Amino acid sequence: MSQKPSHRRRFAAGLVAALVVGVGLSHWTLVRARVQENRARAERVALVSLNALVDIVERAGGVGDSVRRAVAVFARGSSALTTIRVVAFDGLSLEASTASADGGDKAAPRRLAREEKPLYDQGQRLRAAVETNHQEGGARKEEIEIAAMPGGGLALAAPVTKEGAVVGLVAVETTPVPSPPRTSWLAPLAAVLIPALAFLVLAVPIAERRWVLAVVAATLLLGTMVAYGRYAFATMAGDRRITERTVAGEVTAEAARASSVVSELSLGDPRTLHPGSWDADLFRRPLELIAPDGTVHEAKLAESLAGAAGRTRQVFGAFAVLALALLAFVGFGSATRLGATLRKHRQAYTYTFPALFGMLLLVFLPFLYGVVLSFSDMSLYTSQAPMGDLFSKLWVGLKNFTDILGDFHVATSTAGGLVWNYQNIYWTLGITVIWTVANVAYGVGMGLFLALILNTKGLLGRPYYRVLFILPWAMPNYITALIWKGMFHQQFGVFNQIIQMCGGTPVSWFEKTSTSLFACIATNAWLSVPFMMVISLGALQSISADLYEAARVDGATRWQQFRSITLPSLKPALVPAIILSVIWTFNMFNIIYLVSAGEPGHSTEILITQAYKFAFEQYRYGYAAAYSMVIFAILLAYGVWQNKVTKATEGI
Amino acid sequence: MRARSRVALCAAVAILAGLTAMAAPPVELIVWHSYRGGEAAAFEKVVANYNAAKVASGVKIITLPVPYDALADKITAAVPRGKGPDIFIFAQDRLGGWVEAGKTIEPIDFYVDKATRDRFLPSTVEAMTYRGTLYALPFNYKVITMVYNKKLLTKVPKTTGELVTIAKSLTDASTGRFGVAYWYSNFYYHAILMNAFGGGAFDAAGKPILDCEGNAKSLDLLLKWVDKDKFLPAEPSTALVTALFNDGKAAIVFSGPWFLGEIAKGIDYGLAPLPTVDEAGGKPMRPWMTVEGVYIAAGSKNKDVAYDFVKYVTDVEAAKIMAVEGRQTPANKLVYNDPQVGNDPILKVFRQQVETAVPMPNLAEMSMMWTPASSAMAAIVQKSATVKAALDQAQKEVVESVKLLRKQQ
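Chains as they are written, first to last, in my numbering: chain D, 1 to 652; chain P, 1 to 409.
Because the hints were derived from the structure by calculation, they are not lab data. Quick caveat: nothing in here was measured; it's all calculated off a predicted structure. Any given hint could be a false lead.
To be verified - Calculated lysine to aspartate or glutamate pairs in the DMTMM-like style (CA-CA distance at most 20 Å, straight line): (1) D:117 to P:113; (2) D:399 to P:400; (3) P:407 to D:131.
Stated by the list, open to error - Each pair of labels, with its calculated beta carbon distance range: (4) D:338 to P:65: 49 to 59 Å; (5) P:68 to D:632: 26 to 36 Å; (6) P:223 to D:358: 52 to 62 Å; (7) D:356 to P:122: 57 to 67 Å; (8) P:65 to D:341: 27 to 37 Å; (9) D:356 to P:45: 30 to 40 Å; (10) P:247 to D:461: 32 to 42 Å; (11) P:67 to D:445: 35 to 45 Å; (12) D:583 to P:348: 52 to 62 Å; (13) P:384 to D:366: 33 to 43 Å; (14) D:384 to P:65: 28 to 38 Å; (15) P:65 to D:20: 54 to 64 Å; (16) D:418 to P:207: 27 to 37 Å.
Don't be surprised by glycine CBs; every beta carbon is placed ideally from N, CA and C.
Please model the entire structure based on the sequences and the hints provided.
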């Protein structure tokens, strides 16, 4: 190194990079939020019109001439809705339409044409949604559908109900959504330049004191992020206020129009219209942000804004953490070092690139997807929800992890003694640990024992024994598992036959946790012996005979020879094998799944089979992903610990 | 994309050449199914007949067999992303999940007229209906019925009273002989009793009802058979039931069409509908029915043409081939008027049995039912819990899982 690296320069570069990323992400989020707010405003305005229209269509009975008249009169005064179509399910009929394509011989009423199937299906979807929500007594499926049309307008559809049953739908199209407000580039530019310049000025007196530089840079970065976050939220809140005013105006206008339509066609008393309920969400629940007299409900709005502020804080907080990490990475020189090694070992990296790329594609990307999923609430029912919207309710932060790890109800004490909660992760973890330790201990012990016997010089028929002992390993383990399950059968299994021959009573193996787990461990132990035996045998044969000879000359006993020569020589081969074996056994899905299947009552489930059940029986993808992350963390911690221990013992 | 450009090209060529008769552009539809052996041969024959009839219109059906275990997951992964087949054949158990996940299967209410709907056994149509919307035309069904060894059984029991008397007389635990053998500790097999007592897994509104009175009563009856009448083997499984029947050590087995292929050559067996249950006021045993339907994939570009094939493949002509050559039990009820199908000793009994069958729930939540229900069944049969405690526990677990999935907004 010819030139001593400058802390000042590195922190300056780090701060600029962090500001660009942090402010950039925040600005991008702000722009997207404004686009969304703009769209949401158009949707709410359109929804008010649609709900008013549905109210009138329902008053007109949903079918027949009165509906056609009502739609025609309603459309006359409407500027926002370009087309209105009313469909009745009975007879698949188009009851009314203001679309220009539905003129002449295609004028309503008529049967729906084949190419209009999507319209009918949409109606059925809405009917199913209304019925589902009603049956479940909640709001799970959207009762109004909104989609963007190619021309920039919105297509909305709402169900028409008659005496509690959905009998048709109203589908409308709107004029194009106004383009979103422009967000100035000056603010983010200033938010990058001002702190960067400030740092340069401040850094002059600080010179090369690293930690002071770090603190100053971090303070500037965080200050900027907070300030920009406040600016962004203020902008978003301003947009939101405009929305409320616009919607309030729309409610007043629609109320006047609807009441004139109702009185013109004498569809009942106009005073029974409820314009306040037209400003509703997609589950047709009134938002109650607009008072019936057409003014904005300020208290409710403030409450809603406070909720939005909380979510915004979370998202911007995440950006700030990311930016801070980047600052530290560049500022403390990690980036420089990374660059240097990349340059220095360019050839090596080039050679490994194909493998790295493959790993990235096949291992790291799915893994990352799993990480992302673990912060979400994704389930079968929400699997089509877009993952791009950071403000969506799909993202639950660390909730899955706190649900999994924070649940300490391992057991409840009742009059009849302790009742274990087998679904609890700590119970499952305990079982997994017992399972792993028992299997590995037996595998190593028995494998070593058999290897020592097979290593006897002059043993007759040694090759045959070896083949025989390796057989369990060569068989697919699910076949072994199924055979062993059969052997544990209560009436016909071989173990109970033997017990009965000896005069015992047959055991129902899968009825109690202990015997059920024993059956699983016995199966897996049988499977794990050959591997350990092969490893030990290989290592045994590489020990030089001279060592034993010298020991015998010195008068060492067989036991002393074993302790001081055999075991230490086996260690380099055995320790990695044990680490591997622990990890395999920990995640040995097949045996548990096939032999005990968790019986009785999930009590012999290990972590990996439990994760499978969460994902593919209960369809809780996000929760199962978080569960897998916990398993990963446990194994990672074990790996790191084991590595340390073996390194520490290597020196001895 | 390629198909579309090919369509456009063909159309252009046709117009240029002025060939009006041959103007129809070729349309190729892909069908995924999981048939093997005789079923596959019969299905191929049906498809070949259809293709031959459609040569003039240019429609061609191409079949692709997919292993059964992989089929559902392949559909779930491929179809919502715009890949995969135009049509596929699968049972109803995944239907609810596919509808809830979206973009997988096409609703077909719009296409189906009354005549088409009426040609099927009503319960098979019900199996293909989710939340009031029809998603496939039923193709065939499978139900549990009574299979008996003709040598051992002289009189076929019509009621559970007769069943118990006959079974007890044929049971000899010391030599391992049993009057009846079936996988009674399995929730699916136990459904024959459960449904007879008006129990089940879900009510009409999709709420779990494991702890309902009918289920408890059905289990009480089962426990009486196991403990008092003692004509059933302990810890039953499919392998055990098959072995007992093939060794001539079980006179009666309750099982479905899959069991018939397992029966050893020398066994002279007969089929009869399941008996009625005296304890349930003479109501018949009601097995769960699985129905295979022909679905149109939501991503298909030729749904109208696809429906034409779906309609053809579930019509009488195709159903007869599938029944006679493929040994399926068609959902088309008109085909049983044909003497070759209607008088077949096996198909005849399944056709009778289906009258009492209940479609297995097609809700996605059904997958959450199996583990708790199986645990409860095991606990009850092994006496480690009372009927009520076990069912209450299972109900609690299912309700909790269902609640976590159906999260409200």
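Right, here's what the structure says about each hint:
Restraint check for residue 117 of chain D and residue 113 of chain P: the C-alpha separation of about 14 Å stays at or below 20 Å, so the hint holds. Straight-line distance between C-alpha atoms of residue 399 of chain D and residue 400 of chain P comes to about 17 Å, which keeps the hinted pair within the 20 Å bound. For the hint linking residue 407 of chain P to residue 131 of chain D, the alpha-carbon distance of about 16 Å falls within 20 Å, and the restraint holds. Judged by the Cβ atoms, the range 49 to 59 Å given for residue 338 of chain D and residue 65 of chain P holds: they are separated by roughly 52 Å.
Checked against the hint of 26 to 36 Å, the pair residue 68 of chain P and residue 632 of chain D passes, with Cβ atoms roughly 32 Å apart. For the pair residue 223 of chain P and residue 358 of chain D, the supplied restraint of 52 to 62 Å holds, since their beta-carbon distance comes to about 58 Å. Range check, residue 356 of chain D to residue 122 of chain P: Cβ separation about 60 Å, and the 57 to 67 Å hint holds. Under the hint 27 to 37 Å, the C-beta atoms of residue 65 of chain P and residue 341 of chain D, about 52 Å apart, miss the expected range.
Between residue 356 of chain D and residue 45 of chain P the beta carbons are some 52 Å apart, a value that contradicts the proposed interval 30 to 40 Å. Distance hint check for residue 247 of chain P and residue 461 of chain D: the Cβ-Cβ separation is about 38 Å, which falls inside the suggested range of 32 to 42 Å. Separation of residue 67 of chain P from residue 445 of chain D is about 41 Å and conforms to the stated range, judged on CB atoms against 35 to 45 Å. A C-beta distance of roughly 57 Å is found between residue 583 of chain D and residue 348 of chain P, which places it inside the suggested range of 52 to 62 Å.
For the pair residue 384 of chain P and residue 366 of chain D, the supplied restraint of 33 to 43 Å holds, since their beta-carbon distance comes to about 41 Å. The hinted range of 28 to 38 Å is satisfied by residue 384 of chain D and residue 65 of chain P, whose Cβ atoms lie roughly 29 Å apart. Separation of residue 65 of chain P from residue 20 of chain D is about 55 Å and conforms to the stated range, judged on CB atoms against 54 to 64 Å. Take residue 418 of chain D and residue 207 of chain P: their Cβ atoms lie about 32 Å apart, and the range 27 to 37 Å holds.
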